[in-house]
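Asks: Here's the letter readout for the chains.
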Amino acid sequence: MPRGRNRRASRLQKPPADVFLNIPYDSGFQEIYLAYLAGISAFGLVPRTTLEIPGGTRRLDRIFSLIQNCQYSVHDLSRVELDRKRPPTPRFNMPFELGLSVAWERIGRSKHVWFVFEAKNRRLAKSLSDLNGTDAYIHDGKVMGVFRELGNAIVRPGRQPSVRQMRRIYEDLRSSLPDILRRAGTKSLFQARVFREICVVASASADKIVK
Amino acid sequence: MGYSISLGSDMSQAIKIDSRFATAQETAHILGVPSSRAQQLVRLVEEKESANERKRDRKASKASSLLGSKAHSIRGSKSKASHASRKKSTRIKASKAAR
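Line by line, the protein sequences give chains A and B. Note that numbering that gives the first Met the number 0 has the first sequence beginning at 0, numbered continuously upward. Note that numbering that gives the first Met the number 0 has the second sequence beginning at 0, numbered continuously upward.
If you are wondering where the hints come from, they were derived from the structure by calculation, not from laboratory data. Here the structure is a predicted model, which is why all the values come from computation and not from measurement. One or more hints might be untrue.
The calculated lysine to aspartate or glutamate pairs, modelled on EDC-like cross-linking and capped at a C-alpha distance of 20 Å, are [claimed, not checked]:
(1) K141(A) - D60(A)
(2) K119(A) - E80(A)
(3) K58(B) - E80(A)
(4) K110(A) - E48(B)
(5) K207(A) - E48(B)
(6) K125(A) - E80(A)
(7) K13(A) - E25(B)
(8) K15(B) - E104(A)
(9) K141(A) - E48(B)
(10) K207(A) - D56(B)
Only part of the chain A face toward chain B is listed, based on derived beta-carbon distances under 10 Å [what the hints assert, rightly or not]:
(11) P14
(12) L44
(13) V112
(14) F114
(15) D139
(16) G150
(17) N151
(18) R158
(19) D171
(20) D178
(21) R181
(22) R182
(23) F194
(24) V199
Every residue, glycine too, gets a C-beta built ideally from N, C-alpha and C.
Here chain A stands alone, though its shape is the one from the complex (with noise of 0.2 Å):
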């Protein structure tokens, strides 16, 4: 096929999609962040985040905007758990973001997928009975699982990224950290600007490795 057909053709599909993703942002949840956004860009998607909503507005109606935004969702249940700050007590903005993600999916008026994604397998027939007959992708904690579970979550015809490639996404991102952090005077990942421009990275490291 000649080249100028095959741009009309890319620029006749529809564009980019986003997914919303719903992740706990502390420390200890960096590696597998950093796989979700390499994961998730390693089939054309672009990931968005609470990351990106500024201060001062009222929150609750930018994450449900931007839930409403998103084709996909992708909420991470893996730390339900009590935290460490006192008082102890449950993180309730993942399960919260999720109920949003179903009722959007229920009642929007354009369609919305929603995926659960856990640490622990049967745990979130404990921890969230409301979803008992949903199937959670269950990545063990680690970064390949995360790649593992995209994997069998979502399929891209033509183009499916191999969790060695997400991989090597993956690795690209880490190498370009010191000079993103470095520019944008942090050293955490869950700034809006980090997050931006690490998205940038894997997107364009997708693009070149994914064929």
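Position chain B relative to chain A; hints supplied.
Replies: Frame of chain A; chain B shown alone:
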């Protein structure tokens, strides 16, 4: 405008993506990264990727040369062994003749 496959409650079924594969420029545009910075990041990835490729090539050539030398050494030890066995058989023949 809808996406072709809805998952509903059956999460075990994989969903098929029919949207365009996002380029770095598109991702930057969606997330609000300035295009000049996006270009810098793309260059960063390209440099890293080409360095990685060089590394992989070097590794592959090293592995192939190692394989070659191993094969050579195996061949060498085989020939040594056959030489030794030949020596042994001549020695036996010689001792038989002496008897």
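Asks: Of the hints given before, which are not true for this structure?
Replies: Hints 1, 3, 4, 9, 15, 21 contradicted; others consistent.
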